[in-house]
Amino acid sequence: MATQLDTQPQLKLRPAARVMNLVRLGSLHASRLSFSRSLVRQMAREDWTVTTVRDELDEHGHGVMIYRLQTPHHSYHGVIFSQHLEPEHRSDRVIAEAWDVTFALVEGAVEDSLLAQMAANVPLQEAGRQHPRLLVLSRANKSLRNFDHFVEALASGQQPDPAWLTRVGYLYRTTAVYGNGKFGIADYARLQKNPDFNRPFSAQMFAVYLLRHFSIQQVEHLARSRSPAHAVGLAPQLQRYLGIGNSTGLGMAPFLINHPQLIQQWVCCRERALAWARGQLPTEASRLELMTLLRRAHQHFVETLTEDAEQTRRNAATVESIEAVIHWLEQTTAGPCLWDNLLDWADDHCSLEAQELINTLLIELYPDLIDAVEDELGCEEILELQPEMRAAALKQLIESKFAWALDYDPKNPDHQYWFWYRSVEKEEPRLGVRAEEPGAEKELPLAIGPRIHRTYQLLDAFLDRSPRGSVVEFLMAHPGQKECVRRIQTMGATPYGEIQANLWHRDMKPMHLLRTKLSFFGASRFDPKSDRWVRVTLFQGAPLFCELFSDHGTDKARLKALDDWSFPVEPDLKPS
Amino acid sequence: MKVSFNELQGMGRKAFIGIGFEEGDAIDAAEMVAWMEAHGLGGVAALKKGLDYLLTEDPARTPTLVYQDADFTVLDAHNHSILGNASLALELGYARARARGLSITKIRHCHNRVLVIGYLSRLARRGMNVTAFWRNSHEPLIEQVVGFKAGHLVPEICVYSLEDIPDDTEKNDGITLIMANHVDLLPSLRSDYALTNLMRQTEEDLEQQRGRALVEGLEVDDQLWRTLKTLADRLLVEASEASRSGAGAGKSDND
Numbered sequence: 001m002a003t004q005l006d007t008q009p010q011l012k013l014r015p016a017a018r019v020m021n022l023v024r025l026g027s028l029h030a031s032r033l034s035f036s037r038s039l040v041r042q043m044a045r046e047d048w049t050v051t052t053v054r055d056e057l058d059e060h061g062h063g064v065m066i067y068r069l070q071t072p073h074h075s076y077h078g079v080i081f082s083q084h085l086e087p088e089h090r091s092d093r094v095i096a097e098a099w100d101v102t103f104a105l106v107e108g109a110v111e112d113s114l115l116a117q118m119a120a121n122v123p124l125q126e127a128g129r130q131h132p133r134l135l136v137l138s139r140a141n142k143s144l145r146n147f148d149h150f151v152e153a154l155a156s157g158q159q160p161d162p163a164w165l166t167r168v169g170y171l172y173r174t175t176a177v178y179g180n181g182k183f184g185i186a187d188y189a190r191l192q193k194n195p196d197f198n199r200p201f202s203a204q205m206f207a208v209y210l211l212r213h214f215s216i217q218q219v220e221h222l223a224r225s226r227s228p229a230h231a232v233g234l235a236p237q238l239q240r241y242l243g244i245g246n247s248t249g250l251g252m253a254p255f256l257i258n259h260p261q262l263i264q265q266w267v268c269c270r271e272r273a274l275a276w277a278r279g280q281l282p283t284e285a286s287r288l289e290l291m292t293l294l295r296r297a298h299q300h301f302v303e304t305l306t307e308d309a310e311q312t313r314r315n316a317a318t319v320e321s322i323e324a325v326i327h328w329l330e331q332t333t334a335g336p337c338l339w340d341n342l343l344d345w346a347d348d349h350c351s352l353e354a355q356e357l358i359n360t361l362l363i364e365l366y367p368d369l370i371d372a373v374e375d376e377l378g379c380e381e382i383l384e385l386q387p388e389m390r391a392a393a394l395k396q397l398i399e400s401k402f403a404w405a406l407d408y409d410p411k412n413p414d415h416q417y418w419f420w421y422r423s424v425e426k427e428e429p430r431l432g433v434r435a436e437e438p439g440a441e442k443e444l445p446l447a448i449g450p451r452i453h454r455t456y457q458l459l460d461a462f463l464d465r466s467p468r469g470s471v472v473e474f475l476m477a478h479p480g481q482k483e484c485v486r487r488i489q490t491m492g493a494t495p496y497g498e499i500q501a502n503l504w505h506r507d508m509k510p511m512h513l514l515r516t517k518l519s520f521f522g523a524s525r526f527d528p529k530s531d532r533w534v535r536v537t538l539f540q541g542a543p544l545f546c547e548l549f550s551d552h553g554t555d556k557a558r559l560k561a562l563d564d565w566s567f568p569v570e571p572d573l574k575p576s
Numbered sequence: 001m002k003v004s005f006n007e008l009q010g011m012g013r014k015a016f017i018g019i020g021f022e023e024g025d026a027i028d029a030a031e032m033v034a035w036m037e038a039h040g041l042g043g044v045a046a047l048k049k050g051l052d053y054l055l056t057e058d059p060a061r062t063p064t065l066v067y068q069d070a071d072f073t074v075l076d077a078h079n080h081s082i083l084g085n086a087s088l089a090l091e092l093g094y095a096r097a098r099a100r101g102l103s104i105t106k107i108r109h110c111h112n113r114v115l116v117i118g119y120l121s122r123l124a125r126r127g128m129n130v131t132a133f134w135r136n137s138h139e140p141l142i143e144q145v146v147g148f149k150a151g152h153l154v155p156e157i158c159v160y161s162l163e164d165i166p167d168d169t170e171k172n173d174g175i176t177l178i179m180a181n182h183v184d185l186l187p188s189l190r191s192d193y194a195l196t197n198l199m200r201q202t203e204e205d206l207e208q209q210r211g212r213a214l215v216e217g218l219e220v221d222d223q224l225w226r227t228l229k230t231l232a233d234r235l236l237v238e239a240s241e242a243s244r245s246g247a248g249a250g251k252s253d254n255d
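From first to last, the protein sequence lines stand for chains A and B.
The letter at position 341 of the first sequence is residue 341 when you use full-length UniProt numbering, and the numbering goes up by one with no holes.
The letter at position 155 of the second sequence is residue 155 when you use full-length UniProt numbering, and the numbering goes up by one with no holes.
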């Protein structure tokens with residue numbers, strides 16, 4: 001069904017060469033179309049309610065918690081297993097075998113038999129066989145320093161120092177959030193007709209959001225257990241400022257390459273939203289609103305801390321750029337070309353992260369139409385062959401839509417420096433140096449650029465022999481090219497089909513791939529631990545369950561206020 | 001054991017690559033098996049039956065053209081499984097039908113023929129009417145006809161046995177495909193002919209089966225799953241200190 005955005009005449013979309021540049025993609029921020037934002041809006045709009053149906057935590061906070069989620073359409077249960085974990089076993093990596101908490105989101109009821117099956121398998125994660133009614137399977141580890149500080153403060157009747165959450169914005173950090181059939185759980189196809197969770201990763205986002213709720217309940221429970229007479233609850237401002245961490249490594253990279261149609265949808269929805277926002281008539285009110293958003297984002301980035309030198313430099317550049325943007329906007333009155341002029345000026349004067357931040361905030365100004373595209377973030381994924389196409393037309397398609405792939409030089413060692421593979425250690429994805437490490441013969445076919453280059457070379461030779469040949473005739477001669485050809489044919493018909501980078505290149509930064517996906521999830525506080533390993537925070541600043549439910553129905557002003565939680569800043573707990 | 005559709009598809013893809021399939025063929029083969037199983041058509045059983053043969057085949061040996069004109073193509077699959085790169089033979093028939101309105105493709109000397117249904121679904125999705133015909137055995141003589149209507153993702157299937165076996169029948173290990181751009185080719189049984197209807201599955205039956213499979217999961221033989229896992233593990237690289245650092249993680253995750 002066409003949305004209002006589709007009916008806008010001649011949206012000026014940014015060119016793919018600019019948008020799909022890996023360094024630019026690696027500078028994206030969470031936006032109002034990010035999955036966590038979208039989920040919170042849906043929960044508020046539809047008055048989702050969560051109740052605790054089983055609370056069996058002991059004085060150490062270990063045991064089972066079960067929550068019931070009721071939406072207008074269905075009921076679900078979140079089941080959390082909390083256990084003691086020796087510090088030496090606390091690992092963020094996929095090769096870990098035990099975690100502080102393991103949890104799952106279940107469709108429907110949790111009968112005793114299912115709970116027993118889950119208790120035997122959910123804590124094992126990948127090593128267990130999971131039930132097909134589980135929609136999400138996940139685990140998380142504590143941020144010990146934050147956790148201990150929070151329990152200690154609350155037990156002594158004090159509020160924790162908000163600065164602790166500014167340094168590390170959570171009590172728990174997830175290390176994997178599985179959906180779509182992994183280890184026996186439900187296939188995503190089962191959710192496609194379910195209005196609660198039919199958007200990409202929405203069930204996973206809900207599971208993470210529920211863990212945030214649990215983490216608050218658990219620290220309050222521990223504080224009460226330790227000091228029943230003096231313990232206090234966590235202040236609402238701190239509950240809001242508390243997010244959930246996520247630790248991500250190279251495992252995220254194959255998804256981006258193996259789901260090009262989904263990435264195209266995500267990027268295209270965002271770009272259409274930006275083009276539409278850019279085409280709106282700026283007013284004095286919208287100019288002032290953008291400045292308000294910029295000031296909050298400025299404070300967010302001033303406060304953001306990371307030990308990573310490159311990210312520290314990028315954050316500083318963002319802060320500096322935002323100050324310049326605010327100054328520019330203060331000097332400029334609202335005219336018809338304000339947004340175009342601003343973005344042109346930012347191209348020349350702002351860092352990449354700041355340019356994408358301005359785009360993100362510009363989208364915030366026009367929620368009514370832009371939010372309509374969130375239903376288009378998913379798609380059916382199938383790469384289709386067009387065997388009847390002329391081989392010459394395929395060659396032209398590569399030249400016109402994949403010119404970036406033809407930059408690959410097979411004779412240049414830097415162009416094939418890396419190779420991607422899976423290790424025998426729990427199939428963890430890794431990067432190796434081709435000239436130095438064994439295993440290149442088993443590499444994952446993630447470098448699409450060099451593959452398209454190879455197809456192009458073979459096509460060139462085929463066309464010398466058979467100038468009027470068809471694609472299927474080319475493939476009969478070169479059957480190994482089938483997957484690449486149908487990818488070219490399918491993605492060539494889309495504006496933002498491929499990440500335009502050679503993933504073998506020595507200068508390629510895997511961090512950019514991770515950030516691309518995480519930004520669509522809604523992650524903030526990017527805290528790289530190496531060039532291929534990053535910690536982020538989700539849902540920091542998001543409203544709480546108790547705020548989402550309302551007897552007042554869909555009050556537009558209330559929903560707008562609840563949705564305004566991007567780029568959160570440290571709360572001031574001092575009495576005014 | 002119970003597995004999800006996505007698990008069966010993913011494990012199959014890795015196992016087929018482990019056997020030596022090209023990536024595209026491995027993706028297609030895994031999808032054919034999982035698609036068949038999800039629709040209650042015995043994809044896993046067919047794979048189990050054919051896997052030992054598959055392991056002895058040369059995955060690089062493609063079907064060869066025996067005869068072709070503008071409408072009619074005959075290929076020899078060299079006694080290989082249809083799971084290999086036979087999909088290109090089907091694509092050739094598709095391209096001919098697009099150009100000429102109708103095409104006939106015969107693939108001779110192939111096994112695991114029932115799994116072809118999983119790929120025909122792809123062709124029907126692209127707007128092609130497709131019918132496939134083959135004989136399963138000789139005593140009794142069983143014929144199977146599968147028909148997809150253009151744009152429909154599931155077929156109608158007829159399986160029947162013939163009471164009177166023609167004198168000149170001989171072993172048939174081939175498959176015949178008819179594709180038409182503009183007319184339905186759905187199978188329907190002649191009521192005045194002496195045959196026994198063994199199975200008739202409608203689109204609705206198959207859709208319901210898929211719905212059940214998504215709720216309950218797919219049953220896979222434990223031994224077959226272990227075999228697939230062993231094949232898939234051929235793609236994994238041994239761990240070393242260099243490879244552990246290649247993951248890029250820090251040394252301590254306590255904070």
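Mixed in with the good hints, there may be bad ones.
Said to hold, decoys possible - Here are a few chain B residues that sit away from chain A, every Cβ distance over 10 Å (derived from the structure):
(1) His78
(2) Asn85
(3) Ser87
(4) Val159
(5) Leu186
Said to hold, decoys possible - Derived DEER-like restraints, expressed as beta-carbon distance ranges:
(6) B:Gly40 with A:Lys193: 42 to 48 Å
(7) A:Gln70 with B:Glu216: 20 to 26 Å
(8) B:Gly127 with A:Asn198: 35 to 41 Å
(9) B:Thr202 with A:Ala17: 28 to 34 Å
(10) B:Gln208 with A:Leu544: 40 to 46 Å
(11) B:Asn254 with A:Trp328: 40 to 46 Å
(12) A:Glu46 with B:Asp173: 54 to 60 Å
(13) A:Asp348 with B:Ala70: 23 to 29 Å
(14) A:Thr312 with B:Glu203: 57 to 63 Å
(15) B:Glu203 with A:Asp58: 51 to 57 Å
As the list claims (entries may be wrong) - Straight-line alpha carbon distances no greater than 20 Å define the calculated SDA-like cross-link-like pairs of lysine to any residue that follow:
(16) B:Lys2 with A:Ala119
(17) A:Lys426 with B:Gly10
(18) B:Lys49 with B:His78
(19) A:Lys509 with A:Lys426
(20) A:Lys560 with A:Leu293
(21) A:Lys426 with A:Phe255
(22) B:Lys2 with A:Lys442
(23) A:Lys426 with B:Gly18
(24) A:Lys401 with A:Lys509
(25) A:Lys442 with B:Leu235
Hints in this document: simulated from the structure, not taken from any laboratory.
Ideal placement from N, C-alpha and C gives every residue a C-beta, glycine not left out.
Now the hints, each set against the structure:
1. Annotated as non-interface, B:His78 keeps its C-beta farther than 10 Å from every C-beta of chain A; the closest such distance is 14 Å.
2. Listed as outside the interface, B:Asn85 is inconsistent with that label: its C-beta sits roughly 5 Å from the nearest C-beta of chain A, within the 10 Å cut-off.
3. Remark: the non-interface label on B:Ser87 conflicts with the geometry, its nearest Cβ contact in chain A lying 8 Å away (cut-off 10 Å).
4. In this structure B:Val159 is separated from chain A by more than 10 Å, as the shortest Cβ-Cβ distance comes to about 27 Å.
5. In this structure B:Leu186 is separated from chain A by more than 10 Å, as the shortest Cβ-Cβ distance comes to about 23 Å.
6. In this structure the hint that B:Gly40 and A:Lys193 lie 42 to 48 Å apart at CB is violated, the actual value being about 20 Å.
7. For A:Gln70 and B:Glu216, the hinted distance range of 20 to 26 Å is satisfied, since their beta carbons lie about 25 Å from each other.
8. Checked against the hint of 35 to 41 Å, the pair B:Gly127 and A:Asn198 fails, with Cβ atoms roughly 26 Å apart.
9. Taken as a hint, the range 28 to 34 Å is violated for the pair B:Thr202 and A:Ala17, whose Cβ atoms sit roughly 49 Å apart.
10. The hinted window of 40 to 46 Å between B:Gln208 and A:Leu544 holds, with their beta carbons roughly 42 Å apart.
11. Separated by about 45 Å at the C-beta atoms, B:Asn254 and A:Trp328 satisfy the suggested range of 40 to 46 Å.
12. Checked against the hint of 54 to 60 Å, the pair A:Glu46 and B:Asp173 passes, with Cβ atoms roughly 57 Å apart.
13. Here the CB-CB span from A:Asp348 to B:Ala70 is close to 59 Å, at odds with the stated 23 to 29 Å.
14. A beta carbon spacing of about 59 Å between A:Thr312 and B:Glu203 agrees with the range 57 to 63 Å that was offered as a hint.
15. Under the hint 51 to 57 Å, the C-beta atoms of B:Glu203 and A:Asp58, about 54 Å apart, fit the expected range.
16. Of the supplied pair hints, the one linking B:Lys2 and A:Ala119 holds, its CA atoms being roughly 18 Å apart against a limit of 20 Å.
17. The straight-line distance between the Cα atoms of A:Lys426 and B:Gly10 is roughly 15 Å, inside the 20 Å bound, and the hint therefore holds.
18. Taken as a hint, the B:Lys49 and B:His78 pair is honoured in the structure, with Cα atoms around 18 Å apart against an allowance of 20 Å.
19. Between A:Lys509 and A:Lys426 the alpha-carbon distance is near 24 Å, which puts this suggested pair outside the 20 Å criterion.
20. Simply put, A:Lys560 and A:Leu293 have alpha-carbon atoms about 14 Å apart, close enough for the 20 Å limit, and the pair holds.
21. Distance restraint check for A:Lys426 and A:Phe255: the Cα-Cα separation of roughly 17 Å lies within the 20 Å cut-off, and the hinted pair is therefore satisfied.
22. Our distance criterion of 20 Å between C-alpha atoms is broken by B:Lys2 and A:Lys442, whose separation comes to about 29 Å.
23. Restraint check for A:Lys426 and B:Gly18: satisfied, since their Cα atoms lie roughly 17 Å apart, inside the 20 Å limit.
24. Under the criterion of a C-alpha separation no larger than 20 Å, the hint pairing A:Lys401 with A:Lys509 is inconsistent with the structure, at around 23 Å.
25. Between A:Lys442 and B:Leu235 the alpha-carbon distance is near 5 Å, which keeps this suggested pair within the 20 Å criterion.
Hints 2, 3, 6, 8, 9, 13, 19, 22, 24 from the list above are not met by this structure, while the remaining hints are.
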